[in-house]
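Trainee: Residue numbers (my numbering), protein chains in the order written: chain A, 1 to 360; chain B, 1 to 360; chain C, 1 to 360; chain D, 1 to 360.
Don't read these hints as lab results, they were simulated from the structure.
Worth double-checking, as some hints may not be accurate.
[Claimed, not checked] SDA-like, lysine to any residue: derived pairs with alpha carbons at most 25 Å apart:
no., chain 1, residue 1, chain 2, residue 2
1, B, 306, D, 180
2, D, 306, C, 312
3, C, 306, A, 312
4, A, 203, C, 312
5, D, 203, D, 300
6, A, 306, B, 46
7, C, 306, A, 203
8, D, 203, D, 123
9, A, 306, C, 123
[To be verified] If you anchor each label on the Cβ, the simulated ranges turn out as follows:
no., chain 1, residue 1, chain 2, residue 2, range
10, C, 68, B, 24, 22 to 28 Å
11, A, 178, B, 24, 44 to 50 Å
12, D, 21, A, 119, 17 to 23 Å
13, D, 64, A, 273, 56 to 62 Å
14, D, 129, A, 278, 20 to 26 Å
15, C, 98, B, 28, 53 to 59 Å
16, A, 32, B, 265, 39 to 45 Å
17, A, 24, D, 64, 25 to 31 Å
18, B, 198, D, 212, 38 to 44 Å
19, D, 205, A, 60, 42 to 48 Å
Because the structure is a prediction, the values reported are computed rather than measured.
Every residue gets a Cβ at the ideal spot worked out from N, C-alpha and C, and that includes glycine.
There are 4 protein chains.
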Amino acid sequence: MPVHVISYDTAHPGDTSDLLQNLARFDPLKIRRLALLVKTDGNSDLNDFSRSYGLQSAGLAVEQFGGPALLERSTFLFSSGCEGAMTPFGQLFVDVADAADAQATRSSALAFGCARSRPLTGDEIGTLAHADLVTQTVLAAMADAGVAEADVSLAIVKTPVMSRVPATARQAVNKRITSAYSKAVAALGAGVALDEVERAQIKPETFDADPTLHARRAMVFSGNEVDYVEVLLLANRAGAAGDLYVQTGSMRDLLDAGGLRRMFLAAGCRIGADGEVEDSERVVATLVKAGATSDGRVRGRRTTIKSSHIDMDKHVRAAVSGVLGSVLGDTRAFISANTVHQAPPGGGLCACVVRRSAGE
Amino acid sequence: MPVHVISYDTAHPGDTSDLLQNLARFDPLKIRRLALLVKTDGNSDLNDFSRSYGLQSAGLAVEQFGGPALLERSTFLFSSGCEGAMTPFGQLFVDVADAADAQATRSSALAFGCARSRPLTGDEIGTLAHADLVTQTVLAAMADAGVAEADVSLAIVKTPVMSRVPATARQAVNKRITSAYSKAVAALGAGVALDEVERAQIKPETFDADPTLHARRAMVFSGNEVDYVEVLLLANRAGAAGDLYVQTGSMRDLLDAGGLRRMFLAAGCRIGADGEVEDSERVVATLVKAGATSDGRVRGRRTTIKSSHIDMDKHVRAAVSGVLGSVLGDTRAFISANTVHQAPPGGGLCACVVRRSAGE
Amino acid sequence: MPVHVISYDTAHPGDTSDLLQNLARFDPLKIRRLALLVKTDGNSDLNDFSRSYGLQSAGLAVEQFGGPALLERSTFLFSSGCEGAMTPFGQLFVDVADAADAQATRSSALAFGCARSRPLTGDEIGTLAHADLVTQTVLAAMADAGVAEADVSLAIVKTPVMSRVPATARQAVNKRITSAYSKAVAALGAGVALDEVERAQIKPETFDADPTLHARRAMVFSGNEVDYVEVLLLANRAGAAGDLYVQTGSMRDLLDAGGLRRMFLAAGCRIGADGEVEDSERVVATLVKAGATSDGRVRGRRTTIKSSHIDMDKHVRAAVSGVLGSVLGDTRAFISANTVHQAPPGGGLCACVVRRSAGE
Amino acid sequence: MPVHVISYDTAHPGDTSDLLQNLARFDPLKIRRLALLVKTDGNSDLNDFSRSYGLQSAGLAVEQFGGPALLERSTFLFSSGCEGAMTPFGQLFVDVADAADAQATRSSALAFGCARSRPLTGDEIGTLAHADLVTQTVLAAMADAGVAEADVSLAIVKTPVMSRVPATARQAVNKRITSAYSKAVAALGAGVALDEVERAQIKPETFDADPTLHARRAMVFSGNEVDYVEVLLLANRAGAAGDLYVQTGSMRDLLDAGGLRRMFLAAGCRIGADGEVEDSERVVATLVKAGATSDGRVRGRRTTIKSSHIDMDKHVRAAVSGVLGSVLGDTRAFISANTVHQAPPGGGLCACVVRRSAGE
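Between the sequences and the hints, there should be enough to build the whole structure, so can you do that?
Mentor: Structural data, given as structure tokens:
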């Protein structure tokens, strides 16, 4: 079975003991591609160094396990913010080039691809050049996964924000340094690669401004710990070996448990009488991206999502951790907020990787 | 119909415009008892003055509407903290002594009672005397509602915390000034009144320490804006007029959407195929109190509930706002955290007031 | 003596007991003008209701003391944020029209004037119309104080921020709703009234953008508890009775204790060998407004002022509370942050009201 | 010159570029002892991983420079919290065993020593065993520095806090897991080593409780990134080579700029007319530890130090950054808060390392 997806725990952002234990089952020489998708428990603010710390620690662990060559074939995407009933954890994606395992199947199965761009300069972040670089990096990840645009289920994109702007440049770039703006640029760039957004529609004045424009299969994260764009792309590839597949879905708003259940049903899971996924042991990964409307209202009513001392993304992640946790019965899910250009205003997108049941 | 329960919106904690509009339908002279149960959107920290501001504003509004005499017959319980998908709002309880309306029914219907204790001194807060005063105040509210201990569905208790301790007293009372400790004392005092806890079991060393000891029908809130104990008690009283009734339930943990659904089902509501209450227009009030285990784990997994810069109660309220919102489809619910001595560790309790359907 | 300036303590933002005790010495009928300049201890974030609560409480207290007529002649300016070694407190300004007291002096003495604008609409906030309204309100306060532009020492301006923007308007007004932007507009409007800024220089594109443009005698505060502009203007008026006078100064940066000492020396105070004001009992009011450069550096070195989870204004206020407190030896001072268009970038302005010594 | 003290900048907690550049001037084989005393800019809360990240990065840098052997001879003390006008930075202490340099001088000069304890178990933290381990570690650092108890100027102690307590142990150890409690235990343990506190006086009931008991030459920091005690000890050793010496002082309260000036004067610095140190280029290190009284009052007045959403230590550090910055004219100082058992309540202690002027 070539693609493995394994959740591992962390006692803190620098803890790689469970990661190393899970890596031990593989032969590093046979790993074609390794990816980590990790939620760290920092404060998700300007002085949150949990992603940097996790990134450095993961690099040391992978190098210890497989040497610089494996590190070269690895992709790390770290996101912080584990509010509410969310567990800080990591998801290990391993693509094993194992002849014995690699028996082509009749149906499609999970494949993944990775790509990283060159570093962006401070002047480029938040510009059209940034968006184009995201487009190219998503296309490179598609090539790496061996899939065409129509096969892609989800492009997970990490995009840099400017954390240290020279004083002289401040006025001009004021807007470009925000996390939302960088995500907006990256989402539209990914949308072009996935043929969901037209290149001609992407203009600086639409970034984080035109709510009608959005990709449909991109989840975007930002952070000041990177100065490059990095992509982890999930797809069901015809003829791929393995018993995993990825299913996507959508949420009408952040309370839409029904949308989550429809995704799990579509993935072949059973929903019990109490509304919970009954065979959750088959779900090896769940990803949710949810947002709030521009006025912060939910189901038409005032909330404090946009009017408190707590950043709106924290409100959203914490509430969604309750919604998803009550459906899946598991707190290890990759939940994040801010759907700018990734879903209609107030809506969300979701995905899960599920192990095919014995009979399938 | 003697008892009315009406939700009203607030644009901010001092906003009483919607309250006044809802009061306008009543004749102040015929109001036997008025109570407000309000969630304000302050920061829920030591410098949160939203409860005080709301309390002062509500007093001015009720006095404007019904004069000092109505104010004398009114009870105000304010709680802050509206994280996640929660709407800051108020619930107006009015008991109208209207001969025309007051037709005794065969079955029981919602009744409520209120009581306020004398002010506590700083030395008393957190002591057995404090617990005993809570017991007496719950008993007084039962008398006010005209119900016996067995009829009580829920005792909602507001209890003071010491905010300004003289320097000399600090060491001795260090523990007693915390919100959790004051809630612990009050919950046990309420449990004695409700015959759920034995008076002999209440000792200072059990306060916030013995997880096996808890009331089953008390929800306790604390705040430094009061120096007295105040109680709003809900019961279904046999022979009471009106088409409202109260139903309680319990949650296994903060993700237990099933527990919430069972409560709504027991109250006669319908749950749709998507897991949401279908006739939510009949639900006039929902109250949830949920907590976390002492190690902050949920379903056995690490969370950041007890290990982040955000107070654990905020994590819990925000997550539960997602769970409840996804079941009820409404963001106006009285959700609060910290179940010390009000439920087993990690568990929660819930209640709803529902309008009897036409056929009942 | 016609003008009195009295500091009063508050146990919390709604506490008016010390204010009422200080008011008791006056005859409300003889008060020509009353003003309160108050620092409240809220969290200075979107859910800080301490200013609203203080405003409501002060209104109730003044009305209780002097009836609606005195309330009509009163001006309240509330600002929150008391980080570091700062005491939450109020300054009561009273102008008594007392024939016996009002003996014209040879030299000038402290006079003050107040004015309030009409309410601004949400559409006006942050526009040129807003700036012009500030200009007019400062001019009205000058007329109220009976002084010309050259006599003005300090115009203290309160300006509204948009807290509740309709969803449809969000994109267009995104920038105008920030506190810094509203202060920028107000500072330039005040500068025009004080002949420090030319009306032709004020354009939307300069608001919070052109660091070369600034008033020299304006301190601006913003808050969502007001929808009008309010001004308290301090001046030394020739021939005015009384033994108080106001002295202004400037700070090179937020560590510039020397600038503070120069102001106190210019006001006639003595500085002791240890650098502290020796006759601080003569200082009846101290106001400081300080800021940070756009890159957050102080004396050329990196700080976390603009790169932490704590808002930059809190860093600045707390640090300045140490600088001023160590010079004045008193923690009751009106310290605030953000000097946009009120001082050169990184610099600050300061003022004190001092009682003339017996011999003067 | 055997002992070097060099300040280096960090762009973020993981940045070691300036450290490496400063290390480059030394021959790693000749370094007898290396110590880093570093302030990182995390949020100083439970989810602050900046110290761990800095520690990991510094270890990688020192190993890269001098191999595992030098790492073995190195001591790292990291403290977070750079509020107000404070610069996140590091201080590099290097003791070079250089025959050419090591010319014994007539007078004394700066010497330093380091020691690390065995790991503490979770059960030991906060107990007498913990205090005794601190005593032994300080004694070991004295031996490393080659000084007797009377020579010691300052013992800088890092002490662990329990971050992950097993659920079963929670009630019993509730108090011992706090940072203040761990500092209290460590300060008393250091006091015993320095002959300032009697061993018989140290009892669990005095920890963080008896304000009369305190060491006079210990600064204590805590953090959950270590499970051992670590000590960096500064002394002026008779006959030591070099042109550096250390001077200690005390502060009456957190506004006591006079106390800071007296320390710099005692160290031979000049204070200018404006109250600033004129020859600050001679000051190679400044350390300040300041606190607040138990009621949070400063100079007898209410502050928000103990009654806001911001932790008291942040208020103190930010205010002191203003006081010290205005005296020294430099933002690179090691300022920290909480003086439990390290100074009388409300007071503070300070130290500086100064380069002897040419004529001395």
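Trainee: In ascending order, which of the hints set out earlier in this document are inconsistent with the structure?
Mentor: 4, 5, 7, 14, 15, 16
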